[in-house]
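**Q** If you read the protein sequences in the order shown, they are chains A and B.
If you read the first sequence in numbering that gives the first Met the number 0, its first letter stands for residue 0, the second for the next number, and so on.
If you read the second sequence in numbering that gives the first Met the number 0, its first letter stands for residue 0, the second for the next number, and so on.
If you're looking for bench data, these hints aren't it; they were derived computationally from the structure.
Among the hints, erroneous ones may be present.
[To be verified] Covered stretches of chain B (chain A as the covering partner; in silico rule of three or more C-beta atoms under 8 Å from a C-beta of chain A):
id, stretch
1, 55-65
2, 373-380
[Unchecked claim] Here are the simulated DSS-like cross-link-like pairs (lysine-lysine), alpha carbons at most 25 Å apart as the crow flies:
id, chain 1, residue 1, chain 2, residue 2
3, B, Lys13, A, Lys134
4, A, Lys160, B, Lys84
5, B, Lys84, A, Lys23
6, B, Lys13, B, Lys84
7, B, Lys294, A, Lys181
8, B, Lys13, A, Lys23
9, B, Lys13, A, Lys137
10, A, Lys116, B, Lys13
11, B, Lys294, A, Lys37
12, A, Lys137, A, Lys181
Ideal placement from N, C-alpha and C gives every residue a C-beta, glycine not left out.
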Amino acid sequence: MFKVRFCFEKRDTAAYLSHLDLMKCFQRSFVRAGIPVKYSQGFNPHIEMSVVVPLSTGYETVCDLCDLELTCDELPQGFVPSINGALPRGMRVLSAGKADRPVNQIGYCAYRITLPKGNENAMSALFDSPVLVEKRSKRGSREVDVRDYIRDLTFRTEGEKTVCTCILAAGNDPLNPMYLVKALKSAGLTPEDATAHYLRTGILDQNCQIFWE
Amino acid sequence: MNETIRACLENVRKPARYTGGEYNAIYKDKKDVDVRFAFCFPDIYEIGMSHLGSKILYGLLNSMDGVWCERAYAPFLDMEAEMRKRGQPLYALESGDPVGEFDILGFTLQYEMNYTGVLNMLDLAGVPLRSSQRTSLTPLVAAGGPCVYNVEPMADFFDLIMIGEGEEMWPEIVALYRRAREAGMDKQAFLREAAKIGGIYVPSLYDVIYTEDGRIASVTPKDTAPAVVKKRVVKDFDKSYYPDRFIVPSTEIVFDRAMVELFRGCRRGCRFCQAGYTYRPIRAKKPETLEKQAKALIASTGWDEVSLTSLSSSDYPHLETLCESLVDYFEPMHVSLALPSLRADSFNLDLVQNIQKVRKSGLTFAPEAGTQRLRDVINKNLREEDLLEACKVAFAAGYNGVKLYFMMGLPTETDEDLLGISQIVRHVIATFREYGKNKARGVRINVGISIFVPKAQTPFQWLGQISEEEAQRRKQILMDSLKIKNVTYSIHNYQTSFLEAVLARGDRKLSAVLVRAWQLGCRLDGWDENFNFEAWMQAFADCGIDPAFYANRELAWEDILPWEHISSGVTKRYLYSELEQAKKGIATPDCKAGCRNCGALSLTGGGRCDV
Ligand code: SF4
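If we strip away everything but chain A, and leave its shape as in the complex, we get (with noise of 0.2 Å):
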């Protein structure tokens, strides 16, 4: 029994699975390329994984972390060359090893969103006062002010597009970034047809170190 960590990324074409459609993505690609996979007991036995962080569908990630049990005691030789040769495009294993750390200890997300470009102070501006916004979660939604999610926040110009990069609030409590597109959108700083792209980069513990290497 071993139980394996890995990092992998998910963009392009693969951005747009959802939750679901990753776990089965990857269930499908331990059997192709051999993995020796622990199934559960019982009456529909299935492939026990988790996708460690969930991501919205749509947003891309450099970084996410998905946790599988293993039928051997150590890593596998050539787990890595052998899933990523079983996967649909745009998702990449990166690095794999041991699931040491418990994932409780995850405290925040890092993300960088992609805006049409201008007013990039303004933007910075409207988080030095409260931003209120309805939050929903599993147990409905309440409105909360989004500065009290944020570790880090800032704007800058890149090429023809304004950049975000933030460091937002994970584990029990989360904020979606696209929370902060809302606001954007509702104080006029950005068009409310703008396309928004997410990346995620980075998974992070409660002091903003990478929780996972």
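We have chain A already, so just place chain B with the ligand on it with the hints.
**A** This is chain B with the ligand only, laid out in the frame that chain A set:
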């Protein structure tokens, strides 16, 4: 993916349907490609990706040097709106390139309710709808699939149509296309050459003349076109091309599993069933071949289920040995077998339990009609005793539910036949009460009732569908009689079946109606939530066409059928003799009891059927 496609995907449901990039999707370097082929499925991704024939042709065309076959599906309404708003034309999933720039667009016609989908996809691709409006050689717009046995309502839109199995025709068409392009042939010259290929139907090479009352007066072939286009079949089905990998969808589809095809054709001869006649002669694959193909597919896809498909799986001669060896091989890999289309009279519990070791699914039987008399008329040679016996065995083994499929509006049907449906259901419940293993859990019976649609190239092709008033009356009888505890039922929508009947026996005059209906917003008509019957009726009225003329009229032996110049191999005389037997209430024994010379073997130049 370009920026415009990305922007569209921001605002649609299930965007993974529109991205491509799935495992085993084929990507080629454009500089090695001289023929760009777009395989177009006029329904949404979830349906199109579940279709076996498309997978075979995708693999086959991509196995050819210089040919890149990509896919396009009908976008759902939200995606279509985004595409039109942003000026994004229909694109192929692999390259993202506009389909309108391809050399060949190949549509598959699975179902009449997809016809407006073809028009909508052509329009989204920026390709003129009618063959006559497309004067240059490219893009060629072609079609194949089960609807080609009467494709007349769609005849104006396609340059050429494949009658029968595409495995051999497509390579020949691609080769001819290359020659035509090199020789600088124009489209007309190309089509005249294409019409010489066996199984290729070029609708523009036939003149259709109508009588004053709208019937067909004559169909005259021009130039090189044969008087009758005969269905093309692969001679050696066992050795015919079969892909060793299928595209594995990254998102949910209807049939998300590997498939192997046990046999083509069907020996039963149910008189309402178009596939039962048009897929003849009966040709089976060897069990060794199927085993090899199933293993290769599971290895290359990682799927956890293999379906053994055919029109009537229990008729496959080597079914038990095949299943046994597949279960032995796949069970340790957590791969299950699915065996759709089982018949109640050859129900074998050991077999079903064996294949369901890995996963348990439900039982489904299709008696089709409520009385033995009517089952004899439609030649569904299934006795109630056999059905009840199958239920008894299954209930005793612990099953506590069954799905039963019936039809209403069948030829000669009486109220007594309709009441027979609830009789059967009651008998099934009584069987459970007597033999059920878990009586305390109760039994669940699910009854699905569709409305009979007369189809071309079947013995019932001459008959009309019942009228709407009559359908409502019969539906009421069913609704009253099926109010039974533990029974749920669903009755198919009459209006959809009516339109299906119009198109199934329609002629070329209907192409104007199709265009009009599409202009009025009809598309994805197979989806109840989109089906707009009023718009269809408006389209018929605008074109001055009475739909009942097609749906409800009974044709005579002397009538020229709109599809008379297309042959499935089974002769018109044979079909008519089956109709006469039906009217007398006499069933025809299945082909296992002896060949009835239906004519299908003329397609393979003799031999015999695998029964
Ligand atoms: S009637 Fe004869 S040729 Fe026709 S399907 Fe049956 S066995 Fe084959």
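**Q** Could you tell me which of the numbered hints above are not met by this structure, giving the numbers in increasing order?
**A** 1, 2, 5, 7 and 10
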